[in-house]
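J.: If you want the building blocks of each chain, they are given just below.
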Amino acid sequence: MYYSQNNVTLERRNLLILIGLTLFVILIARLYQLQIVQYNRFAGIAEANRIRVISREAPRGIIFDRNGNIIADNKSQYNVNLIPFEAGQNENVYSILSEILKIPEREIRQRVRKNWRGQFLPARVAGDIDFDTLTELEERRLELPGVLFSLEPIRSFPSGANLSQVLGYLREVGKEELRVIKDYGYRPGDLIGWKGVEHEYESVLRGKQGYSFVQVNVFGQEVGEVRNKRSVEPKFGNDLYLTIDLGLQQYAEELLNGKKGVIVAMDALNGEILSLISKPDYSPNLFSGIVRSDVWNRLRDDPDKPLYNRVTQGTYSPGSTFKMVAALASLEENILDPKTRFRCRGSYKLGRRDFKCWKLGGHGRMNLYDAIVNSCNVYFYSLIRKMDIDIWAEYARKFRFGELTNIDMYGESLGLVPDKAFMDEKYGVGGWTEGNKLNLVIGQGDLLVTPIQMVRFAGTLATNGKLSVPHLGLKYFDRDNDRFHYFAQSTGDSIDDISASSWEFIRKAMYDVVNSRTGTGRAAKVRGLDVYGKTGTAQNPHGDSHSWFIGFAKKNEQVIAMAVLVEHGGSGGGEASVIASKMFRYYQKELVPQQFTSRGANRN
Amino acid sequence: MKKTNWITDSVANTNLLMFITVFLLCISGLIALYSASLHVEAPFFKKVIGKQMLWMIIGLLAILIVFFVQRKLLFDGAFILYWIGIALIIAPYFVGNSVAGANRWIVLGPFHFQPSEFMKIIVIIGIARYLSKNDLVISDFKSLIIPLLLALLPMAIVLKQPDLGTSMIYIILIFPMLIWAGARFYHLFIIAAPVISILTAFNFYSFFIWVLCLIVILYFSKEKIWLAIVLFILNLSLGFVTPVLWNRLEPYQQNRILTLFNVEADPQGSSYQVIQSQIAVGSGGLFGKGIGNGTQTHLKFLPEQHTDFIFSVVGEEYGFIGVVSVLLLFLILTVILISVAFRLRDRFSSLVVIGVTSVLFFHAVINVAMTIGLMPVTGLPLPFLSYGGSFIITCFLMIGLVFNLSVDRHR
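Here the protein sequences come in this chain order: Z and E. First residue of the first sequence: 1, per this note's numbering; consecutive thereafter. First residue of the second sequence: 605, per this note's numbering; consecutive thereafter.
Worth flagging that the hints you see were computed from the coordinates, not collected in a lab. Treat the hints loosely; a few may be bogus.
[As the list claims (entries may be wrong)] Subject to a maximum C-alpha distance of 25 angstroms in a straight line, what follows is the list of computed SDA-like cross-link-like pairs (lysine to any residue):
1. E:Lys650 to Z:Asn90
2. E:Lys651 to Z:Glu11
3. E:Lys746 to Z:Glu11
4. E:Lys737 to Z:Gln5
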């Protein structure tokens, strides 16, 4: 026989069949485990694989002023996003994109890396593209695999006013914050209000994201709708109404243009802020979407600090505007008879030092009333010599100086009211002298106040001691229940232990500051309106004195309190008083006829 | 001699059953390919399913050609064929046409073909030829050395291409053939032991258990005591040396070896494919999602779905019922082939059939094990189901060879 015999045994044949059978049984067992035992798990994963949840940003609530004028609205912005994996498949995507967007290719790659969320997830490469660019991208869509658009609501500011400090701005929620607030539905990349009312009323303004479900393939390309999964419409945020009067605000911003300083106007009866300006400020449009880093850096590094809210964060010496504190203390504690006169020769000698009055020639013989009207320092030097520093500090604290006003704004400074304990602590027992007291009484030295404290001070003087809480939030429109909700404002304290006659005395003096021929604040006089005020000229180490005016005006049962500060504006009787008079005139002309009511006007 | 008809009834029945099984496997493959190319906008014969049908027609022609090849020609020309095969698998290195960094292809005009696929048949014939030498003493260990070398040479070449899956097939097919030829199990154990020593060496417990097995087997083998001791020491030292050598390798060298086990791995990481494949199979459940409804398949989460992962498409769209049916078809085919081999009178034909059986069987088992996460991804296609010209033709050639040898015209 040519071929050798096949002499395989039956055992060996059966062995091979057995091995084969065993291996197949193992495979089938594994398949049973995957497809029968773990079916639910894998079915779930497969479902999640194919469905992408697309979040649809909800516009934030609109912000109105008290009269229903729009302050901050929403508009839509087109963003360009790029899926790195898909774009990486085609060499030319980046160069074509660079050509259309007019951004260098290198910059685009850098942005992709910066906004990287994953190979198959879109990363933003450009925001707020204009219509022409959008059209061009659309036309060349086939050359640009992996390039997508997204529509995102951003803020727009139709009014001419900046209101930058009032509004605050939006920014992407930070990683640290996210840990704390993720239970409220925030995710990385979401915008959150920061500073101002955008921050304070975040929960009111924030809408609820909507979702839609699309079927996607492994490249994240949408390939169709998902049946059985209804999309959820985004829910708009609630509209917020501020106490701000847009006209007054806009006018006040113009008055302070090119200056550094503060104007705050408040309804003294209920603490509603009618205008609040801190200059220099910035255009809110810079923050309509996500702020560009170069813009941010420029604002942050600006030596004039436009991001800084001088109204609530700035601490200043109040200068002579603070003299009313000592005056009230004197009246209430009977330290001096108000008729007692001191002769002002232009300076006051204490030991070897001369303490100057602002009027070099001296005011002559002055009683308390004259001293307020003429802002005579020498009278108050003499007064404070007879007063314990703690009594003075106690009266300052009655007006809540050195405390937060609890205005609904992020980041408020305390200010500082020095008392004996403080002075001993700072200078050592015996390390400070009567001279320090002399500085304090005219609002200099260690005393520090914020402009928001000062406007409330003016309001308190106008209302026999009512300490209303200044606030910007008036009401919001509850979309769910289709009605307005007013923010519950604490009615505020009042100063009860100062007699009506003392209040009246101070008010009369403040009236004459503005309306008498010799009053330091006569520049603030407005024909046909009862304006009360006090000027201040705060010396400071940085240059010219700061110019202060605080005061109020009464008309038709309404009281508007005002604080004006012009940094390095010279004497309070100058710039600050002039600005205050313009503000009061505007108020007289535009606001009083409208009968601005507390609780604002309803919008239809 | 008593029958004029050289096809006996039983042979005809077996062959009919074999062809029916193969036909059913091809049909299930085509259905899966149809589904996988459902959303591809292309003319029919440009789609994978159309192209696969063309390959199958070519495969049928190959069966016809092979059917008329004389057994004597195969037997006498086995070694010449072997060296031609070696030359062909080396050729891609010199023709210098590397596709995706792999030297697997020979390009002839519009055709790319993979000589390493055809080499599987050639290795089978070569080994069968050697093992059916008249003067071979199979109980002698020396007789096993040549067959080993016949498999190791192409294995080394293909491993370098790199194609771990195919090179593994060359060495695996030798074990059933040696068992069939009557080699002593002890000798097979000696061949396999060092590999196991190296693989278990990386884990103390696995190595410990392996050493215990080694001692027990060597003790009961009743071989010469000095041989047992030498083998024991050899394996033990191999186990100790391997981790030391491994640690002395530079990380890039380690990586080079590790990537060998992931030749087809995509940039998203090797586990990605397997995970998506398991999701596809698992989410199929008992009855599957139905034709064209496999989300993993159609949304392209499933990688390599026409080729190495075609089984996952079946799993997703036809469920447990579908995959078990396919596996049963493979089991039936295996049993048929083994019984054909058992019935054949001459050792050469019988060994060739067993070689073919091992190739088809291990392809199926390794491929399925890989798609359901029981083995690392090595890139072996599933016979008759996976798309691929060279591979489908090779499978058909092997069936043709079995058909040829099983109808004994020389009796």
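J.: Are the hints correct? Go through all of them and say.
T.: Hints versus structure:
no., hint, in the structure
1, E:Lys650 to Z:Asn90, "holds, 23 angstroms"
2, E:Lys651 to Z:Glu11, "violated, 47 angstroms"
3, E:Lys746 to Z:Glu11, "holds, 24 angstroms"
4, E:Lys737 to Z:Gln5, "holds, 10 angstroms"
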